[in-house]
Amino acid sequence: MTMLDAPTLAENLATDAKILARGVTVHYGAKQALNGIDLDIAGNRVTALIGPSGCGKSTFLRCLNRMNDTVAGARVGGMVTLDGEPLYGPGALDPVLLRMRVGMVFQKPNPFPKSIYDNVAFGPRIHGLFARKADLDEAVERALERAGLWHEVKDRLHDRATGLSGGQQQRLCIARAIAVDPEVILMDEPCSALDPIATARVEELIDELRDNFAIVIVTHSMQQAARVSQQTAFFHLGNLVEVGPTERIFTAPEHQLTQGYITGRFG
Amino acid sequence: MPTVGDDHIVKSYDAQLKTLRDILARMGGLAEAQLDMALAALEARDSETAMKVKAGDAAVDACEQQVNEQTLRLLALRAPLADDLRQVVAALKVAGNLERVADHAASAARRTVILNDNPAMAPTRSLVRMGRKVQVMLHEVLGAYLAYDADTALAVHGRDQEIDEMHASLFREILTYMMEDARTITAASQLMFVAKTFERIGDHATNIAEMTYFLVTARPLDRHRPRRDVFDGGV
Ligand SMILES: Nc1ncnc2c1ncn2[C@@H]1O[C@H](COP(=O)(O)OP(=O)(O)OP(=O)(O)O)[C@@H](O)[C@H]1O
Ligand SMILES: [Mg+2]
Numbered sequence: 000m001t002m003l004d005a006p007t008l009a010e011n012l013a014t015d016a017k018i019l020a021r022g023v024t025v026h027y028g029a030k031q032a033l034n035g036i037d038l039d040i041a042g043n044r045v046t047a048l049i050g051p052s053g054c055g056k057s058t059f060l061r062c063l064n065r066m067n068d069t070v071a072g073a074r075v076g077g078m079v080t081l082d083g084e085p086l087y088g089p090g091a092l093d094p095v096l097l098r099m100r101v102g103m104v105f106q107k108p109n110p111f112p113k114s115i116y117d118n119v120a121f122g123p124r125i126h127g128l129f130a131r132k133a134d135l136d137e138a139v140e141r142a143l144e145r146a147g148l149w150h151e152v153k154d155r156l157h158d159r160a161t162g163l164s165g166g167q168q169q170r171l172c173i174a175r176a177i178a179v180d181p182e183v184i185l186m187d188e189p190c191s192a193l194d195p196i197a198t199a200r201v202e203e204l205i206d207e208l209r210d211n212f213a214i215v216i217v218t219h220s221m222q223q224a225a226r227v228s229q230q231t232a233f234f235h236l237g238n239l240v241e242v243g244p245t246e247r248i249f250t251a252p253e254h255q256l257t258q259g260y261i262t263g264r265f266g
Numbered sequence: 000m001p002t003v004g005d006d007h008i009v010k011s012y013d014a015q016l017k018t019l020r021d022i023l024a025r026m027g028g029l030a031e032a033q034l035d036m037a038l039a040a041l042e043a044r045d046s047e048t049a050m051k052v053k054a055g056d057a058a059v060d061a062c063e064q065q066v067n068e069q070t071l072r073l074l075a076l077r078a079p080l081a082d083d084l085r086q087v088v089a090a091l092k093v094a095g096n097l098e099r100v101a102d103h104a105a106s107a108a109r110r111t112v113i114l115n116d117n118p119a120m121a122p123t124r125s126l127v128r129m130g131r132k133v134q135v136m137l138h139e140v141l142g143a144y145l146a147y148d149a150d151t152a153l154a155v156h157g158r159d160q161e162i163d164e165m166h167a168s169l170f171r172e173i174l175t176y177m178m179e180d181a182r183t184i185t186a187a188s189q190l191m192f193v194a195k196t197f198e199r200i201g202d203h204a205t206n207i208a209e210m211t212y213f214l215v216t217a218r219p220l221d222r223h224r225p226r227r228d229v230f231d232g233g234v
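Quick note, the sequences are listed as chains A and B, same order. Per numbering that gives the first Met the number 0, the first sequence starts with residue 0, numbered consecutively. Per numbering that gives the first Met the number 0, the second sequence starts with residue 0, numbered consecutively.
Here chain A stands alone, though its shape is the one from the complex (with noise of 0.2 Å):
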């Protein structure tokens, strides 16, 4: 693992990203799968990583809450600081607190066989935020709430999350990564499962959550990046190739490659 020195921590320290990376690589056994990424995830706002199928989106945002960790073979190099403290390396966050602060929503919904009350509850359970029921129970109130669930759900709270429709279970999701206070969630294809509904939805709350958390979010569909990010990260073959505000991405990106996949003439 290359670690950069301390002068460069030091110096990032000065900038008011909430999540810097430097010179991320990442490996899966003999194979580069990044290439060096610098990108820095501004607080309140949402970053949107585009790019085509396995150009790395998902395995960079993974470096961001140390899921690689999880997966068989991967080795990551480079840094990651969340408020500029080390998530590799000596010194680095304990993975489990720094999953805390920076959740994750997957693709496809994946509540635990459980009821809705308990999936919301989960994180907050083990990482035993709360003594009281009262306290627990509010929590999980408050964070289906913020989801948009809660009027759905509140009078079947106990009912397995499982029977829920794929937008629900999607918005019951991010209930769950946000009922602990995560400071950053991470999304990889939030809403590729769901209908122009449930996706309106989920991109309003995306929309509403940005007041408090950093977001960021891999989708494939250009309008989507355009419709909820600030900031848009343009990834190809490993490499970060372009990033820069929405907006200017998607009227006068400045790099071809770029122009091309976001205009449908390769990807």
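Simulated from the structure, these hints should not be mistaken for laboratory data. Please note that a few of the clues may not be correct.
Partner residues are not named here, just some residues of chain A that face chain B (Cβ under 7 Å, in silico) [to be verified]:
1. Gln222
2. Pro252
3. Gln258
4. Ile261
5. Gly263
6. Arg264
Pairwise CB distance ranges (calculated) [claimed, not checked]:
7. A:Gln222 with B:Thr18: 38 to 46 Å
8. B:Ile8 with A:Gln31: 36 to 44 Å
9. B:Pro219 with A:Lys153: 50 to 58 Å
10. A:Glu207 with B:Pro219: 30 to 38 Å
11. A:Asp37 with B:Ile8: 29 to 37 Å
12. A:Gln222 with B:Glu161: 39 to 47 Å
13. A:Glu253 with B:Ala75: 25 to 33 Å
14. B:Ala75 with A:Glu246: 53 to 61 Å
15. B:Gly142 with A:Asp82: 50 to 58 Å
16. A:Lys153 with B:Arg218: 51 to 59 Å
17. A:Gln106 with B:Ala75: 56 to 64 Å
18. B:Arg218 with A:Phe129: 48 to 56 Å
Here are some chain B residues pointing at chain A (derived, C-beta under 10 Å) [unchecked claim]:
19. Val3
20. Thr183
21. Ala217
Backbone N, C-alpha and C fix where the C-beta goes; we use that ideal spot for every residue, glycine too.
Position chain B with the ligands relative to chain A; hints supplied.
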């Protein structure tokens, strides 16, 4: 950017964009022809040709309608981005400018009919010269637009000032005639109006140059055009 105009994976998308450009090419040709006919009518004192210009305006309007429809279709069905988006927005704006160009040509033709009921005026020659210059500008900028040629667009843009200067001096020339002989006022004021329509067509050509530049480079062309008021110079 060299990828502007390159093919897409989805061929029907290219076909729809091509349809849009084809309408624009036809519309540009029609607008140019209208201006050419209006100038010929003015130069030859030919009211019959002038009437043809008036009748020809509807075809240009119909093209604009087609551009509007095709633009709406592309925006709704394709959600174009980057250069495609600029392409579609530029088409809409270029069509708007061409529609105005044709209107001005028709208006010049209407005034030609009135001029032909009056004795010929010497400044008509300068007026035709100015009109021809504007015509060349229009021709070049349409070529630049259709060929994604930002350099030519920039060059045309720079020539608008020449037109404004020609307009200002023509204005003074015509005014001199009016002041010397009050009987020329009817015809001379028509000449002034025609000069104004040519000056406006120059402005529309300049707008098209700006859209072309933006379409190709994604950067706005500095809109600063030195404005020369024709009433400058203590008339
Ligand atoms: N567990 C793994 N083992 C080996 N190679 C992997 C693994 N996960 C990903 N890769 C490889 O790493 C590269 C990047 O994969 P990644 O999943 O990050 O791409 P992606 O941009 O998210 O693609 P998609 O849009 O299809 O989800 C690909 O070449 C992929 O085959
Ligand atoms: Mg992926």
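**Asked** Going through the earlier hints one by one, which of them does the structure break, listed in rising order?
**Response** Those not satisfied are hints 7, 8, 14, 17 and 20.
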